[in-house]
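Visitor: With the hints as constraints, model all of the structure from the sequences given.
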Amino acid sequence: MRLSTIAAMAATAMMTAGPALADLTIPLLSYRTGAYAPSGIPYADGFTDYMTLLNERDGGIGGVPVNVLECETGYNTQKGVECYEATKGDGSLIYIPQSTGITYQLIPKATADEIPVHSVAYGRTSAVNGKVFPWVFINPGTYWDAASIMIKYALEQEGGSLEGKKIALVYHNSAYGKEPIRTLQELGKKHGYELTELAVDHPGQEQKSQWLQIRRERPDYVFMWGWGVMNQVAIQEAANIRFPMEKFMGVWWSGSEGDVVPVGDGADGYKSVTWHAPGKDFPVFDDIQKHVVDAGKAAGDGSKIGEVGYDRGLYTAVLVAEAIRIAQEATGGGEITPADMRDAYEALGITDERWTELGLPGFAPAFQNSCEDHGAPHMGAMQQWDAKAKKWTLVSDFMEPDYDVVNPLIEEDSMAFAAENNITPRTCE
Amino acid sequence: MGVGLLNTIEVILNGLMTGVMYSLVALGFVLIFKASGIFNYAQGVMSLFAALTLVGFQSGQIPFAELINAVFGTDVHHFGFTMPAILATLCALAVMVLFAIIVERLILKHLVNQEPIILFMATIGLAYFLEGFGDMMWGSDIKTMDLGLPQGGSFWFEDVTKTWAAEGSDYWGMYVDVLDVIAASVAICLVIALTLFSQYTKTGRALRAVADDHQAALSVGISLRYIWVVTWAIAGLVALVAGSMWGAKSGVQFSLSLIALKALPVLMLGGFTSIPGAIVGGMMIGVGEKLFEFYVGPMVGGATENWFAYVLALVFLVFRPQGLFGDKIIERV
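In the order they appear, the protein sequences are chains A and B.
Residue numbering for the first sequence follows full-length UniProt numbering, starting at 1 and increasing by one per position.
Residue numbering for the second sequence follows full-length UniProt numbering, starting at 1 and increasing by one per position.
Fair warning: there could be bad hints in the mix.
[To be verified] Facing chain B, a subset of chain A residues (Cβ under 8 angstroms, in silico):
(1) 35
(2) 37
(3) 215
(4) 216
(5) 228
(6) 258
(7) 261
(8) 264
(9) 425
[As the list claims (entries may be wrong)] Only pairs whose alpha carbons sit at most 20 angstroms apart, straight line, appear in this in silico SDA-like list of lysine to any residue:
(10) 391(A) with 71(B)
(11) 297(A) with 71(B)
(12) 131(A) with 417(A)
(13) 297(A) with 74(B)
(14) 152(A) with 85(A)
By construction, these hints were calculated from the structure, which means they are not laboratory data.
C-beta: ideal position from N, C-alpha, C; glycine also.
Guide: Right under this line is the structure:
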């Protein structure tokens with residue numbers, strides 16, 4: 001065989017052997033197994049189905065197919081890190097850790113490897129400061145935003161004053177659950193309410209003491225920072241002691257169908273913060289039905305479509321896809337690198353018009369990231385559970401947090417992190 | 001009475017009820033340990049599996065639906081009918097008996113005369129297998145356990161106890177969850193039934209004989225394999241009751257298996273071999289942790305219940321290693 005023939009064959013083999021390298025590779029560290037699978041499955045389905053829709057309907061993004069590289073973590077931090085190590089060499093453009101524990105582990109690793117991390121409204125709150133954390137993004141907001149929005153909503157309900165009111169915070173006794181305490185304390189100084197903190201140990205199956213205390217102290221509002229079984233038990237206990245559900249509000253991780261359905265009618269009226277509108281009454285879902293579900297390409301059995309978790313996965317996928325478009329436009333080509341992705345995330349913005357073009361009019365607030373701000377739009381609305389109709393409904397507009405209180409806290413925490421880790425914050429002029 | 005005293009009584013009452021819920025899980029451990037000397041790590045997962053199976057039958061869910069759909073390209077999920085709670089409970093019990101037979105045939109039979117640590121390791125393997133198997137069989141969604149049991153505070157008890165407070169005091173009455181009262185009643189009935197079974201039936205006496213001395217029981221013709229199946233089947237029944245009660249409180253989901261962690265201090269305190277010990281131990285743990293949380297919790301940031309239960313159990317271990325009701329182990333050299 002002639003040398004040129006061998007060379008041609010080798011070249012052909014090389015071209016056909018690695019089509020995945022040309023794809024836009026997005027690892028998804030999902031948890032479809034284990035105790036938290038009821039939250040992980042709809043999220044992973046929403047994310048994957050949207051990317052499948054782009055591949056099937058549009059031929060990918062900018063003509064390049066998206067390859068969702070799903071890696072099962074079981075919500076286990078160690079497995080999450082293993083997933084990162086196993087996939088980072090596959091041309092991964094960005095990491096969606098889907099766990100605060102995994103996010104904390106990935107922040108230094110991904111920063112060193114120069115791959116962006118998008119912890120979607122979880123993870124390290126002060127990572128929203130792009131001057132200190134250039135590779136981390138936390139859109140659409142932080143836990144401190146959520147705490148402030150809950151107080152803002154309570155203020156609206158109380159005619160503008162919380163003076164002399166009592167608020168109890170029932171929280172998961174972990175770094176995640178403790179996140180809002182400082183913000184709520186600072187807001188308490190400003191608005192004159194009394195805060196009672198009630199820790200619940202993992203997993204939260206037994207909360208009798210906390211709810212007996214709530215029954216004795218009769219707070220005006222109960223806020224919840226829960227996760228997993230803690231949410232269902234807390235909502236059940238609140239119903240048991242006949243606490244008025246319209247005054248019981250959870251953070252966004254305490255506000256999905258799995259948290260309220262097991263409680264039945266008792267959960268009626270329970271509220272939670274959300275960063276997007278609930279349900280599937282948006283045109284993009286028709287496309288998902290046509291191009292993904294009916295084509296037999298859905299990630300799940302279709303039963304989760306429109307659930308809160310599914311919508312969050314879809315929201316995340318939209319942001320990733322939009323960032324890819326921006327990166328492609330900036331580089332002038334289909335293929336992009338993780339560094340291009342990071343730059344695109346920093347330039348990422350979605351206007352109301354763009355949400356409409358995407359088939360999601362009114363789904364979420366418009367926003368614009370920047371060099372300093374990696375967590376826009378910081379907005380949240382209140383949704384309320386209707387047990388009879390078995391659906392969430394928005395009961396407020398999207399609200400901004402109290403930046404006067406939240407921003408100094410972020411500055412303080414992120415600068416402390418920078419000092420501890422010898423990081424010189426970059427300038428953003 | 002002063003409101004402070006009434007609040008303390010309320011905490012004690014709720015502690016007793018919660019303790020009985022812990023005892024329900026601990027009972028399964030005791031039964032198997034008593035009959036075979038095995039510390040069954042899988043007891044918590046058995047409760048989860050039993051509850052999943054009960055809800056699955058009740059809601060007419062097709063077992064292994066996802067697997068069937070993936071292999072055959074079908075789209076089946078439900079049979080199209082639901083089952084009454086009693087029938088579903090009996091079906092779930094039948095599955096737990098079948099599970100006991102399979103465990104004996106596939107695991108225990110092959111491990112006769114092995115060291116206790118080997119048997120313990122086998123139950124760890126069994127726990128993880130059963131969790132995965134349960135996921136594959138019934139899916140990982142959170143399921144609603146609807147046995148028609150009432151939940152929430154008793155209005156009657158609130159009204160009665162409201163009058164106990166000093167006149168003019170702002171007191172709402174004591175809170176007792178009706179479901180907890182039902183669970184406590186069920187647990188007491190279960191203990192009475194188990195005690196009668198072991199005292200007055202032939203199989204029960206054989207069970208006690210095996211618990212006392214395997215070799216001696218074998219020498220008089222008692223089948224060890226049969227006794228093991230019976231023991232695991234009864235532990236399956238206890239797991240079903242515990243899973244149902246806990247499932248009714250929090251929905252049936254995979255973290256249900258973690259309730260086993262609440263049973264360990266109960267066993268340490270009550271002893272690994274005593275059925276009444278599981279009940280008394282549970283109530284002591286329940287009351288102890290609730291009182292500690294009530295009085296000391298606010299001073300130390302709360303969430304003391306998980307660790308305080310173990311501290312209490314450790315204190316008892318130091319002074320009485322076999323637990324309050326456990327058999328004292330005397331080995332002569």
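Visitor: Given the hinted pair residue 152(A) and residue 85(A), is their alpha-carbon gap at most 20 angstroms?
Guide: violated, 42 angstroms
Visitor: Double-check residue 37(A) for me: the hint is only fine if its C-beta lies closer than 8 angstroms to a C-beta in chain B.
Guide: holds, 4 angstroms
Visitor: Against chain B, run the beta carbon of residue 216(A) and see if the smallest gap drops under 8 angstroms.
Guide: holds, 6 angstroms
Visitor: Take a quick look at whether residue 297(A) and residue 74(B) sit within 20 angstroms of each other, Cα to Cα.
Guide: The given pair, whose Cα atoms are some 14 angstroms apart, holds under the 20 angstroms limit.
Visitor: Close enough to count: is the Cβ of residue 35(A) nearer than 8 angstroms to one in chain B?
Guide: Residue 35(A) check passes; min Cβ-Cβ to chain B is 4 angstroms, inside 8 angstroms.
Visitor: For the hint on residue 425(A), just tell me whether its beta-carbon gets within less than 8 angstroms of chain B.
Guide: With a closest approach of 33 angstroms, the residue 425(A) hint is violated.
Visitor: Could you check if residue 228(A) really has its C-beta closer than 8 angstroms to a C-beta on chain B?
Guide: The hint holds - residue 228(A) has a Cβ within 8 angstroms of chain B, the shortest such distance being about 6 angstroms.
Visitor: Hint validation: residue 258(A) versus chain B, beta carbon distance must be below 8 angstroms. Holds or violated?
Guide: holds, 5 angstroms
Visitor: Is the straight-line distance between the alpha-carbon of residue 131(A) and that of residue 417(A) 20 angstroms or less?
Guide: holds, 12 angstroms
Visitor: Run the distance test for residue 297(A) versus residue 71(B): straight-line Cα separation, threshold 20 angstroms.
Guide: The hint holds at about 15 angstroms.
Visitor: With 8 angstroms as the cut and Cβ atoms as the points, is residue 264(A) at the interface with chain B?
Guide: holds, 7 angstroms
Visitor: Hold the hint about residue 215(A) up to the distance rule: shortest CB distance to chain B must be less than 8 angstroms.
Guide: holds, 6 angstroms
In the structure shown, a violation is registered for the earlier hints numbered 9, 10, 14, in ascending order.
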